[in-house]
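Once you've looked at the hints, dock chain B against the given chain A.
Respectively, the protein sequence lines represent chains A and B. Take the first sequence: its position 315, counting from 1, is numbered 314 in numbering that gives the first Met the number 0, and each next residue is one higher. Take the second sequence: its position 523, counting from 1, is numbered 522 in numbering that gives the first Met the number 0, and each next residue is one higher.
In case anyone wonders, no lab produced these hints; they're calculated from the structure. Predicted, not measured: the structure shown is a model, and the values here were computed from it. Quick reminder that beta carbons are idealized off the backbone N, C-alpha and C, glycines included. Careful, some of the hints might be misleading.
[Said to hold, decoys possible] Simulated restraints on C-beta separations:
| hint | chain 1 | residue 1 | chain 2 | residue 2 | range |
| --- | --- | --- | --- | --- | --- |
| 1 | A | Arg449 | B | His83 | 26 to 36 Å |
| 2 | B | Ala168 | A | Pro431 | 50 to 60 Å |
| 3 | A | Thr15 | B | Ser115 | 19 to 29 Å |
| 4 | B | Asp91 | A | Ala488 | 52 to 62 Å |
[Stated by the list, open to error] Pulled from the structure, derived: some chain B residues nowhere near chain A, Cβ distances all over 12 Å:
| hint | residue |
| --- | --- |
| 5 | Ala141 |
| 6 | Gln153 |
| 7 | Ser559 |
| 8 | Ala584 |
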Amino acid sequence: MNCEGIRFILDGKVITLDKLPPTTTLLQYLREGLGRTGTKEGCAEGDCGACTVVEGELCGSRIVYRAVNSCIRFIASFDGKEIVTVESLQSPAGKLHPVQQALVDCHGSQCGFCTPGFVMSLFALYLEDAAPGRAKVVDYLSGNLCRCTGYRPIIDAAAVAMILPEPEVWSRHDAQSESRRALHASITRTHSLNIAVAPGYVAPRALDELAGCYENNPGAVLLAGGTDIGLWVTKQLRDLPSIIYIGNVVGLATISETMDRIEIGAAVRLHEAYQAICAHYPALEELANRFASIPIRNSATLCGNLANGSPIGDSMPILLALGATLVLRRGGQTRTLPLDEFYLGYQKKALEPGEFIAAVRIPILHDSAGVKIVVASYKIAKRFDQDISALCGAYVVRIEAGLVTAARIAYGGMAATPQRARHSETALIGRPWSEDSLVAAGKAIAQDYRPISDMRASANYRLQVAGNLLKRLYLEHDAAATFPTRIPAVSTALRVESP
Amino acid sequence: MNTSTAKPCPSEVVGKAIRHESAHLHVAGRAFYTDDIPLPANTLHAALGMSTIAHGRLRAIDLSAVRTAPGVVAVMLAGDVPGHNTCGPIRDDDPIFADHLVQYVGQSLFAVAAQSVEAARRAVRLARIDYETLPAILDIRAALAAQSFVIPTQRLARGDPHAALAAAARRLRGTVEMGGQDQFYLEGHISVAIPQEDGAMLIHCSTQHPTEVQHKVAHALGRSAHDIIVQCRRMGGGFGGKESQPALFACAAALLAQKTGRAVKLRVDRDADMIMTGKRHDFIADYDVGFDASGRIQALLVMLASRCGYSADLSGPVNDRAMMHVDNAYFLEHVEIISHRCKTHTVSNTAFRGFGGPQGMLVIEQIIDDIARTLDLDPLAVRRVNYYAITERNITPYLQPVEDNVLALMTDQLEASSDYRARRERITVFNQHSPVIKRGIALTPVKFGISFNATLYNQAGALLHVYTDGTVLVNHGGTEMGQGLFTKVAQVVAEELGIPLASVRVSATDIGKVPNTSATAASSGSDLNGKAAQAAAHTIRQRLVDYACDKYALTADKVSFTQGRVTLGDKATDFAAFVLEAYGARISLSSTGYYSTPKIHYDRATLTGRPFYYFAYGVAVAEVAIDVLTGESRLLRVDILHDVGRSLNPAIDIGQIEGGFLQGAGWLTSEELCWNEHGELKTHAPSTYKIPTARDWPAQATVRLLEGEPNREDTIHRSKAVGEPPLMLAIAVLHAIRAAVASCGKRGVVLRLTAPATPESILRAINAVQKEGVDG
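Isolated chain A, as found in the complex:
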């Protein structure tokens, strides 16, 4: 086996590592290997954002920059990429970058421990958007916790950064400079990467190669975004078997569309996957925005979420309701399986040894003459941003001439797996599209699930709300409703007209 080192760019230089265990997290490497202690560990699970760094990746002629959590990303998955840390942003003379200066000017740091993470999230935003609105700023900060400020000065700093003079280094122009792109191109790999250092790591380039590798070594861990697998190491201190990384496989990182379906490859990140889905189903934008945080969505993949199969994963209910199909690959063989039939029990999936999800196909449903398709998914959690669902409901209802002619309803958080609500569906199909019908369908939920009580919610709450969400579904799509059905997403108090 041809063994090599991991190559990535840091501060304009290519770094090659050939002795480091591939499961070393980037954060460990930065802090312990390089003594770059600006990047902090706050939780080691990708939830607090103190470890946020920015990853650059050459995609065609542009370098795409994304904020990611360094605490749970294995160093090997940065092969071929650029890493930007909080220490990278100052000019050689020590001048602060606009996002840094704005945080100083707005009094955006108190204890300062979370600050490097905020700097990097704001930096990613800075590169992407020269004039973001408040809503976008808040979205970009969804993965960063601060316990000292009320966030107001940090939100202010995002706007202030945009009007400060362009920096010497890491301006938007500098981020796409020819020399930088050339450096990226110089480390782009055309062959697979093999790392012999334990536990062993292979990053194939071709789908056939991946399929062969995994078929021959079905005990290996398939790694994509690693936002769950990273925790096996950082939280559970598990010894991983050898790793097969799918992120470099040509063809798996693609989204393809036909008239009636979207196909999303296994290496497509959640961020791009949901962009594609929401282009057809704008009603799912809130769900997409509430799925973890931007740094997590920048690493994690949609298929990884499906393969993980957590009962509280937020992708499954809506994909079950839409009737998604998995493309499964094992060695040279490909089969398709409805997502419906994939989850057999808690953490049990219909996968053969050596078989993996290559893609997911999501039907595109259109309204047509006399046919209205209602699509929605509602997530319920203690916090709006980056929380795990207490429950998550998803609904695809076909209405013809005022009657429900088809309904697919699925929930997460209600059972050991994400599951369809068959009784509720049955109660709805053939009934008029009316509040009464939806309330009746909501009552049938009690026959569909026996949820547990845990720290996220009690069984009673889950059952009541799962039913109530069907009422919400109706009210939200009832053109005649004269009252609000949702709490405003952007906080606005009622205005008082002057007398």
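Structure of chain B alone, referenced to chain A:
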């Protein structure tokens, strides 16, 4: 930073919105926290072995696999501690390592030092512990039923509450329930112990209380205080969670360092931090209140019961403060407050911003709200009718007169500026036509007593050096946890010496420089250390004046210090040149400073006296929306008016107010601590424990400082403490939610809304209020 202004004004630096002294380091990733300090090459890394049961006897601890695990260098158990195996702040009931008995899931049993963090953490998992399980008491109700108390019950009473209750026009009984709160500082607990020569030990520790760490480490090692030096440049947040809690980690690191002769770092991960360390006490309160038709309280009986956990820790003073804030802004003529300090087999609860005050205040605010609902009055009207008056009705239950009351004024100002009345009417109309989304609005006041209840802690020292280039290094007993203490102290010193702020550096807290420090707690940091540093600066300034008078035959009024210049009669010179001259004349340029808070006294036996030097005040109006189908809620707008006296630094004070408010809002809405039936904490990481995010700060927010009301007491530049009081402004959020829930039922119905008001809690309250609406 040069903040000098062209026009001479009484304050050149003090009172200005100056940035945090470390801001430029924070944003660049160049501010050193304890985990970032370069260490000796052979440093070991430690991990702690934890109990997996809530209550039981330790039959056997088999560490053979731990000792032989890769990388392990040393192991410590209770029996290996050369000194005292205890790290409790007040009583000796917190063992460093459990001996014979375990009393909560997560209790420290042993420590391991290994070549790497990973090796240490892996090794501790190999321990085989044999327990004899004992029955566990896991919550307040169970502890009350078993009369399980960690320290004796206290009673505070005034007047004749039972008789007055019997005679009251109206009477209401109810229960208030509120959860605890994890501090969730972003930087977890960490200590580094570095052996020095001759048995001494240098400890770098993320701590609000270096002196306590010094004492506990000295006792554990069997050494004297002067053998142990503790330093802390900054913490990544504290919030009370690093007052008594760092001692365990510092002791464990120091013990391993002593044993191995090598530096030892103990950094616990987030899960261990949340499982092993104390939190805000959750409380239950039963009340019986008598009142008249206007809602004025005629008599009140309150039973407070808090979950203290397995040991005393700081639960005594926390619960005392809770009792002393049951009055909040209200005069309680006939009152009895009973406070049970419940012992449970859960982690020992501890200090958290507000220190019992928020819990006491939440009780009376709900009582006021319940009275208002019963009488179908605007809760604000009931609040006002119960407010402390100025010259009468102004004595607290603990017999301290309220002499600086500005709440009526503040309430008037905020009621007008927030448009409270009109918005409340508008919301009532909105709710009548909105069956799914309900809105609510509330105005709540804060009155918070400033000073440590224990009088002795109200003292501070400082050490100030002027170097011959005119720069100043100041050190004081306070610690920097992000609250801006070092910035404020630097401002005070720059002001006193008339030099630019850039000439003043505040260095790491170091008990080798300033000894016998009080915890940086009780909002007292700037009050105490600002005064101590001012005193030190004043001493040097006076020496310089004396020298100038002597040398240039001037009277003292002809010598002044401003903007880095010294005026000597009709001449002027640079401060730097002048101090060099003074040095040449053999004038001492180094001084200590000391301060102790005047006027305060407190009798622990009767819980009466003047425990507080003064009160800090605030008012907040919050508007929320809730979804009656799901119980989800959102804060839509907040208006705050807060009293910081004459602000030392408005930018820092606004930061404290906003941050305190949102932290309080988290406590009362999304932050829920859940234990299972085995006493295991199920919310021990940010994945399951949800503090507010950026979205939770409302787009419509107005935060103002009360103007024109300097502190009536002689505090540092007439400022007021600001660390804790703003947290309680968030009670307005809970009460706005209450108002929204109330609109789901009939008028006159009392609500049952427990805090935190999670979606589930809100939906439960809606279910209850709607049921009463139907039944009643």
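Results for each hint:
{"no.": "1", "hint": "A:Arg449 <-> B:His83: 26 to 36 Å", "in the structure": "violated (52 Å)"}
{"no.": "2", "hint": "B:Ala168 <-> A:Pro431: 50 to 60 Å", "in the structure": "holds (55 Å)"}
{"no.": "3", "hint": "A:Thr15 <-> B:Ser115: 19 to 29 Å", "in the structure": "holds (23 Å)"}
{"no.": "4", "hint": "B:Asp91 <-> A:Ala488: 52 to 62 Å", "in the structure": "holds (53 Å)"}
{"no.": "5", "hint": "Ala141", "in the structure": "holds (19 Å)"}
{"no.": "6", "hint": "Gln153", "in the structure": "holds (32 Å)"}
{"no.": "7", "hint": "Ser559", "in the structure": "holds (31 Å)"}
{"no.": "8", "hint": "Ala584", "in the structure": "holds (39 Å)"}
Checked against the numbered hints listed earlier, the structure breaks hint 1 alone; every other hint is satisfied.
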